[in-house]
Amino acid sequence: MKLLTLNFLTCALKPCKASPLSFPLHPRDAELEIVESELNLSFLRNILPRLAWEELRGVVRELGLPDLPEIMPEAEALGKASSGKKTNENAANENTITTTTDEDELSPKPEVQPEAEEPDLEPTQTALDLHRLLLETSLRAGSLVCGNCGHAYKVKEGVANFLLPGHLV
Amino acid sequence: MAESEPRGEEYEAQHVHSVYEEIASHFSSTRYKPWPIVERFLKELPDGSVGADVGCGNGKYLAVNPKVFIVGSDRSTNLVKIAQQYQPHATIVADNLGLPHPTHTFDFAISIAVIHHLSTPERRMEAVKAVLDLLRPPSSAQGQTGGKALIYVWALEQKESRRGWDEGHEQDVMVPWVRHSKKEKSQKRRKGEDHGAEVAAQTSVPQSESKTFLRYYHLYRRGELERDVGEAGGKVVESGYEKDNWWAIATLQGSD
Numbered sequence: 001m002k003l004l005t006l007n008f009l010t011c012a013l014k015p016c017k018a019s020p021l022s023f024p025l026h027p028r029d030a031e032l033e034i035v036e037s038e039l040n041l042s043f044l045r046n047i048l049p050r051l052a053w054e055e056l057r058g059v060v061r062e063l064g065l066p067d068l069p070e071i072m073p074e075a076e077a078l079g080k081a082s083s084g085k086k087t088n089e090n091a092a093n094e095n096t097i098t099t100t101t102d103e104d105e106l107s108p109k110p111e112v113q114p115e116a117e118e119p120d121l122e123p124t125q126t127a128l129d130l131h132r133l134l135l136e137t138s139l140r141a142g143s144l145v146c147g148n149c150g151h152a153y154k155v156k157e158g159v160a161n162f163l164l165p166g167h168l169v
Numbered sequence: 001m002a003e004s005e006p007r008g009e010e011y012e013a014q015h016v017h018s019v020y021e022e023i024a025s026h027f028s029s030t031r032y033k034p035w036p037i038v039e040r041f042l043k044e045l046p047d048g049s050v051g052a053d054v055g056c057g058n059g060k061y062l063a064v065n066p067k068v069f070i071v072g073s074d075r076s077t078n079l080v081k082i083a084q085q086y087q088p089h090a091t092i093v094a095d096n097l098g099l100p101h102p103t104h105t106f107d108f109a110i111s112i113a114v115i116h117h118l119s120t121p122e123r124r125m126e127a128v129k130a131v132l133d134l135l136r137p138p139s140s141a142q143g144q145t146g147g148k149a150l151i152y153v154w155a156l157e158q159k160e161s162r163r164g165w166d167e168g169h170e171q172d173v174m175v176p177w178v179r180h181s182k183k184e185k186s187q188k189r190r191k192g193e194d195h196g197a198e199v200a201a202q203t204s205v206p207q208s209e210s211k212t213f214l215r216y217y218h219l220y221r222r223g224e225l226e227r228d229v230g231e232a233g234g235k236v237v238e239s240g241y242e243k244d245n246w247w248a249i250a251t252l253q254g255s256d
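Protein chains in written order, with this note's numbering: chain A, 1 to 169; chain B, 1 to 256.
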């Protein structure tokens with residue numbers, strides 16, 4: 001389960017949801033793995049404002065991963081205009097290929113974006129790091145513990161299980 | 001029709017959850033085409049929207065729009081494992097009456113062909129409420145419309161369908177799922193529905209014969225879904241009938 005998911009999870013017990021202690025859940029005995037995926041810069045920029053940054057930093061610390069910066073990066077810090085110099089043929093080629101995937105056909109109507117997306121933006125190191133952390137770093141095994149009631153939800157083979165035992169329902 | 005058993009959680013464990021767990025891979029091989037209304041709903045979401053697919057099954061709706069982020073959940077671990085392949089989304093095992101999401105945060109939620117598996121009116125209402133409670137409330141101050149949910153349930157009125165149910169029929173029914181084994185297939189004529197890789201994969205259980213599983217369904221009458229949405233604190237913004245199913249798009253009722 002990718003770490004980004006933790007940003008949208010809390011305890012399954014209703015009374016816990018009212019308590020700030022129930023978010024985020026705390027990984028315990030975590031086994032991490034990297035599940036590689038393609039970096040999607042606009043996805044990353046869009047998801048950034050949805051992150052509970054302080055809480056995410058806490059989770060990262062608990063997992064013993066390198067600290068996140070104190071201040072959440074701006075969406076603008078994730079992409080840089082690909083250098084107009086011709087040294088970058090590879091990136092340019094990649095771009096021409098990706099624009100023809102069906103991903104683009106999926107949304108034929110143009111979305112109103114606060115700012116026009118530059119077509120040839122490349123990910124910065126910040127973007128690469130965030131992608132690695134949020135979308136590729138995954139919990140393979142361990143538990144997720146509620147800070148309010150202490151209930152531990154098991155994670156096995158990358159799947160977190162939130163089914164509650166009968167006496168808690 | 002198993003009428004002697006009391007309905008509720010135990011009943012669903014036996015007549016819904018364990019069946020899906022058992023038929024997961026065969027079921028999944030027959031569920032790959034998204035329904036048009038659901039596809040439209042997901043594709044019209046603004047890029048970067050965050051939401052939930054409650055009862056995501058094999059994850060066929062997770063494949064529709066990679067520009068949003070969806071946390072899919074299902075009771076069946078086997079189905080969740082199949083659904084895990086769709087990037088950039090995430091999937092978890094959870095009960096739709098005990099969802100592990102913060103309340104009132106999601107931009108959208110879908111629950112497609114799920115709530116009709118709950119076996120009492122109270123539990124169905126609770127399931128609708130659980131979906132609505134995921135949504136951002138509308139805020140007149142910021143001029144925001146609030147999160148939107150799409151709920152889809154099987155209709156009682158489907159006299160043109162293979163099942164032939166219609167108005168006035170029993171609404172609580174057991175529906176068979178027939179899984180043919182490889183062995184039986186080689187003896188009998190092949191049937192169209194059974195073609196595909198998943199069937200071939202079942203050669204690992206050469207011994208078993210064709211097996212029938214019964215799943216519980218509550219078939220919704222016209223207007224019943226909209227009524228439940230209203231009573232659960234939602235406001236129906238659009239609703240209709242598509243191919244043997246009733247559907248409704250709802251927001252939370254404005255509280256200001």
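Hints are computed from structural coordinates only; laboratory data are not their basis.
Glycine residues also receive a C-beta, built at the ideal position from the N, C-alpha and C atoms.
Treat each hint with caution, since some may be false.
Stated by the list, open to error - Label-pair distances were calculated between CB atoms; the ranges are:
(1) Q144(B) / T126(A): 37 to 47 angstroms
(2) K156(A) / G168(B): 28 to 38 angstroms
(3) K43(B) / L168(A): 36 to 46 angstroms
(4) L65(A) / S139(B): 31 to 41 angstroms
(5) R40(B) / E76(A): 28 to 38 angstroms
(6) L168(A) / R227(B): 23 to 33 angstroms
(7) T120(B) / E76(A): 27 to 37 angstroms
(8) R31(B) / R140(A): 44 to 54 angstroms
(9) P36(B) / P165(A): 51 to 61 angstroms
Said to hold, decoys possible - Calculated cross-link-like contacts (lysine to aspartate or glutamate; reagent style DMTMM-like; alpha-carbon spacing at most 20 angstroms):
(10) K67(B) / E36(A)
(11) K2(A) / E54(A)
(12) K81(B) / E54(A)
(13) K67(B) / E44(B)
(14) K154(A) / D29(A)
(15) K235(B) / E209(B)
(16) K67(B) / E122(A)
(17) K211(B) / D47(B)
(18) K129(B) / E238(B)
(19) K243(B) / E167(B)
(20) K67(B) / E38(A)
(21) K2(A) / E157(A)
(22) K156(A) / E238(B)
(23) K17(A) / E36(A)
(24) K81(B) / E36(A)
(25) K17(A) / E126(B)
(26) K243(B) / D166(B)
(27) K129(B) / E231(B)
(28) K14(A) / E9(B)
(29) K81(B) / E21(B)
(30) K81(B) / E157(A)
(31) K81(B) / D120(A)
(32) K81(B) / E31(A)
(33) K156(A) / E31(A)
(34) K67(B) / E76(A)
(35) K67(B) / E136(A)
(36) K154(A) / D166(B)
(37) K67(B) / D120(A)
(38) K2(A) / D120(A)
(39) K211(B) / E9(B)
(40) K156(A) / E136(A)
Each hint, compared with the structure:
1. Take Q144(B) and T126(A): their Cβ atoms lie about 29 angstroms apart, and the range 37 to 47 angstroms is violated.
2. The hinted window of 28 to 38 angstroms between K156(A) and G168(B) is violated, with their beta carbons roughly 47 angstroms apart.
3. Between K43(B) and L168(A) the C-beta distance comes to about 38 angstroms, which sits within the given range of 36 to 46 angstroms.
4. Separated by about 35 angstroms at the C-beta atoms, L65(A) and S139(B) satisfy the suggested range of 31 to 41 angstroms.
5. Against the hinted window of 28 to 38 angstroms, the Cβ-Cβ separation of R40(B) and E76(A) comes to about 32 angstroms, which satisfies the hint.
6. For L168(A) and R227(B), the hinted distance range of 23 to 33 angstroms is satisfied, since their beta carbons lie about 31 angstroms from each other.
7. The beta-carbon spacing between T120(B) and E76(A), approximately 52 angstroms, falls outside the hinted interval of 27 to 37 angstroms.
8. Here the CB-CB span from R31(B) to R140(A) is close to 27 angstroms, at odds with the stated 44 to 54 angstroms.
9. P36(B) and P165(A) have their C-beta atoms about 40 angstroms apart, which leaves the hinted 51 to 61 angstroms range violated.
10. Between K67(B) and E36(A) the alpha-carbon distance is near 18 angstroms, which keeps this suggested pair within the 20 angstroms criterion.
11. At roughly 18 angstroms between alpha-carbon atoms, K2(A) and E54(A) fall within 20 angstroms of each other, so this suggested pair holds.
12. With a C-alpha separation of about 31 angstroms, the suggested pairing of K81(B) with E54(A) is violated against the 20 angstroms cut-off.
13. At roughly 11 angstroms between alpha-carbon atoms, K67(B) and E44(B) fall within 20 angstroms of each other, so this suggested pair holds.
14. Between the alpha carbons of K154(A) and D29(A) the distance comes to roughly 10 angstroms, so the proposed pair stays at or under 20 angstroms and holds.
15. With a CA separation close to 48 angstroms, the supplied pair K235(B) and E209(B) exceeds the 20 angstroms bound.
16. Under the criterion of a C-alpha separation no larger than 20 angstroms, the hint pairing K67(B) with E122(A) is consistent with the structure, at around 18 angstroms.
17. At most 20 angstroms may separate the alpha-carbon atoms for a hinted pair to count; K211(B) and D47(B) exceed this at roughly 44 angstroms.
18. Among the hinted pairs, K129(B) with E238(B) is consistent with the structure: their alpha-carbon atoms are about 17 angstroms apart, no more than 20 angstroms.
19. Our distance criterion of 20 angstroms between C-alpha atoms is met by K243(B) and E167(B), whose separation comes to about 16 angstroms.
20. Restraint check: the Cα-Cα separation between K67(B) and E38(A) comes to about 13 angstroms, which is no more than 20 angstroms; the hinted pair holds.
21. Only pairs whose Cα atoms come within 20 angstroms are accepted, and K2(A) paired with E157(A) is accepted, the gap being roughly 12 angstroms.
22. Under the criterion of a C-alpha separation no larger than 20 angstroms, the hint pairing K156(A) with E238(B) is inconsistent with the structure, at around 40 angstroms.
23. For the proposed pair K17(A) and E36(A), the alpha carbon gap of about 32 angstroms is over 20 angstroms, so the pair is violated.
24. In summary, the hint linking K81(B) to E36(A) is supported, as the alpha carbons are separated by about 17 angstroms, within the 20 angstroms threshold.
25. Straight-line distance between C-alpha atoms of K17(A) and E126(B) comes to about 17 angstroms, which keeps the hinted pair within the 20 angstroms bound.
26. For a cut-off of 20 angstroms, the pair hint linking K243(B) to D166(B) stands: about 13 angstroms separates their Cα positions.
27. Between K129(B) and E231(B), the direct Cα distance comes to roughly 9 angstroms. Compliance with the 20 angstroms bound is thereby established for this hinted pair.
28. Taking the CA atoms of K14(A) and E9(B), the gap is about 17 angstroms. The hint holds against a cut of 20 angstroms.
29. The suggested pairing of K81(B) with E21(B) holds, with an alpha-carbon distance near 11 angstroms, which does not exceed 20 angstroms.
30. A C-alpha spacing of about 9 angstroms is found between K81(B) and E157(A), which places the hinted pair at or below 20 angstroms, so the restraint holds.
31. Of the supplied pair hints, the one linking K81(B) and D120(A) is violated, its CA atoms being roughly 35 angstroms apart against a limit of 20 angstroms.
32. Under the criterion of a C-alpha separation no larger than 20 angstroms, the hint pairing K81(B) with E31(A) is consistent with the structure, at around 18 angstroms.
33. A threshold of 20 angstroms between alpha carbons decides the hint, and for K156(A) with E31(A) the separation of about 10 angstroms falls inside it, so the pair holds.
34. The hinted pair formed by K67(B) and E76(A) meets the criterion: a straight-line CA distance of about 18 angstroms does not exceed 20 angstroms.
35. Annotation: proposed proximity of K67(B) to E136(A) holds, straight-line Cα distance about 17 angstroms (limit 20 angstroms).
36. Taken as a hint, the K154(A) and D166(B) pair is broken in the structure, with Cα atoms around 44 angstroms apart against an allowance of 20 angstroms.
37. A distance of roughly 18 angstroms separates the Cα atoms of K67(B) and D120(A); the hinted pair therefore holds under the 20 angstroms criterion.
38. For the given pair, K2(A) sits about 27 angstroms from D120(A) by alpha-carbon distance, which is inconsistent with the 20 angstroms threshold.
39. For the hint linking K211(B) to E9(B), the alpha-carbon distance of about 25 angstroms lies beyond 20 angstroms, and the restraint is violated.
40. With a C-alpha separation of about 17 angstroms, the suggested pairing of K156(A) with E136(A) holds against the 20 angstroms cut-off.
Hint check: violations occur at hints 1, 2, 7, 8, 9, 12, 15, 17, 22, 23, 31, 36, 38, 39; the rest are consistent with the structure.
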